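Which chain is which? The protein sequence lines are A and B, in order.
Residue 75 in this note's numbering sits at position 75 of the first sequence, and the numbers go up by one each step.
Residue 87 in this note's numbering sits at position 87 of the second sequence, and the numbers go up by one each step.
Simulated from the structure, these hints should not be mistaken for lab results.
As the structure is a computational prediction, the values presented were derived from the model and not from experiment.
Among the hints, erroneous ones may be present.
Claimed, not checked - Facing chain B, according to a computed beta carbon distance under 7 Å, are these residues of chain A, among others: (1) Phe64; (2) Leu90; (3) Thr102; (4) Phe105.
What the hints assert, rightly or not - Cross-link-like lysine-lysine pairs, in silico, DSS-like; alpha carbons within 25 Å at most: (5) B:Lys70 / B:Lys2; (6) B:Lys110 / B:Lys56; (7) B:Lys67 / B:Lys93; (8) A:Lys13 / B:Lys42; (9) B:Lys110 / B:Lys2; (10) B:Lys67 / B:Lys2; (11) B:Lys93 / B:Lys56; (12) A:Lys57 / B:Lys2; (13) A:Lys57 / B:Lys93.
To be verified - Stretches of chain B that chain A covers, calculated by requiring three or more beta carbons in the stretch to come under 8 Å of a beta carbon on chain A: (14) 15-26; (15) 104-110.
For every residue, glycine included, the Cβ atom is placed at its ideal position computed from N, Cα and C.
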Amino acid sequence: KAGVTQTPRYLIKTRGQQVTLSCSPISGHRSVSWYQQTPGQGLQFLFEYFSETQRNKGNFPGRFSGRQFSNSRSEMNVSTLELGDSALYLCASSLDTGLADTQYFGPGTRLTVL
Amino acid sequence: QKEVEQDPGPLSVPEGAIVSLNCTYSNSAFQYFMWYRQYSRKGPELLMYTYSSGNKEDGRFTAQVDKSSKYISLFIRDSQPSDSATYLCAMSKGGYGGSQGNLIFGKGTKLSVKP
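So that you can see chain A by itself, here it is in the shape it has in the complex:
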């Protein structure tokens, strides 16, 4: 079974631009979570989507948004990019059977903001 895939793998943008990252979960997985990883802050939870609805949200500004499609694929968008948004953005999917399911991570999208 194919793992979690994320596109693009690398991205370079300039301040003020916006960016959209894509995540395809493992087949059959219904929950998708997004995380930001930086050397200073480590892995931080951005938001989680289930059945096209945002179920949980971390402590990030409104410039960070996401959505989930009916096939469980998800996108996240960052508007008005800042230098501090440079990070590895990770997507994780899980079955969501009703308990704390195992989350499987993709390889991430490395975003550099110049």
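For chain A, the structure is supplied; the task is to place chain B on it using the hints.
Here is chain B on its own, set in the frame of chain A:
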């Protein structure tokens, strides 16, 4: 105080050594505890998953959870150079439809196993 504390290392050990990695946490609502391994330029890979207190063993890896002390550990026996990676602890409150998708991570410990 951060919810999850983890010594970032780096930790360097000779091949064959027993490695002990630890995390402490402050939120008593955490019920699910995980250890992930992350190689350079890769996404985290789940190693161990434990519910509540107790021990769990999988090959060379043993995870321990002590909820009374809010302390979790990962032991690696007979460490190999291929174990060189960053190890991240993670925890969740769990619960259906609740915060199960929200993992709280430690900052990770960078481990190097020397041949």
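Hint check:
1. A least Cβ separation of about 15 Å between A:Phe64 and chain B goes past the 7 Å threshold, and the interface hint is therefore violated.
2. The restraint placing A:Leu90 at the interface with chain B holds, with a minimum CB-CB distance near 6 Å, inside the 7 Å limit.
3. Interface restraint check for A:Thr102: the shortest CB-CB distance to chain B comes to about 6 Å, inside 7 Å, so the restraint holds.
4. Hint on A:Phe105 holds. Least Cβ distance to chain B is approximately 4 Å, under the 7 Å limit.
5. A threshold of 25 Å between alpha carbons decides the hint, and for B:Lys70 with B:Lys2 the separation of about 13 Å falls inside it, so the pair holds.
6. About 22 Å separates the Cα atoms of B:Lys110 and B:Lys56, which keeps this hinted pair within 25 Å; it holds.
7. Annotation: proposed proximity of B:Lys67 to B:Lys93 holds, straight-line Cα distance about 13 Å (limit 25 Å).
8. Our distance criterion of 25 Å between C-alpha atoms is met by A:Lys13 and B:Lys42, whose separation comes to about 21 Å.
9. Using a Cα cut-off of 25 Å, the hinted pair B:Lys110 and B:Lys2 holds, with the two alpha carbons roughly 19 Å apart.
10. Using a Cα cut-off of 25 Å, the hinted pair B:Lys67 and B:Lys2 holds, with the two alpha carbons roughly 17 Å apart.
11. For the suggested pair B:Lys93 and B:Lys56, the alpha carbons sit about 19 Å apart, so the restraint of at most 25 Å is met.
12. Under the criterion of a C-alpha separation no larger than 25 Å, the hint pairing A:Lys57 with B:Lys2 is consistent with the structure, at around 18 Å.
13. Proximity of A:Lys57 to B:Lys93 is assessed by CA-CA distance (about 14 Å); at most 25 Å being required, the pair is judged to hold.
14. Counting residues of the stretch 15-26 of chain B whose CB lies closer than 8 Å to any CB of chain A gives 0, which falls below the minimum of 3, so the coverage claim is violated.
15. Only when three residues or more bring their CB closer than 8 Å to a CB of chain A does the claim for the stretch 104-110 of chain B stand; here the count is 5, and the claim holds.
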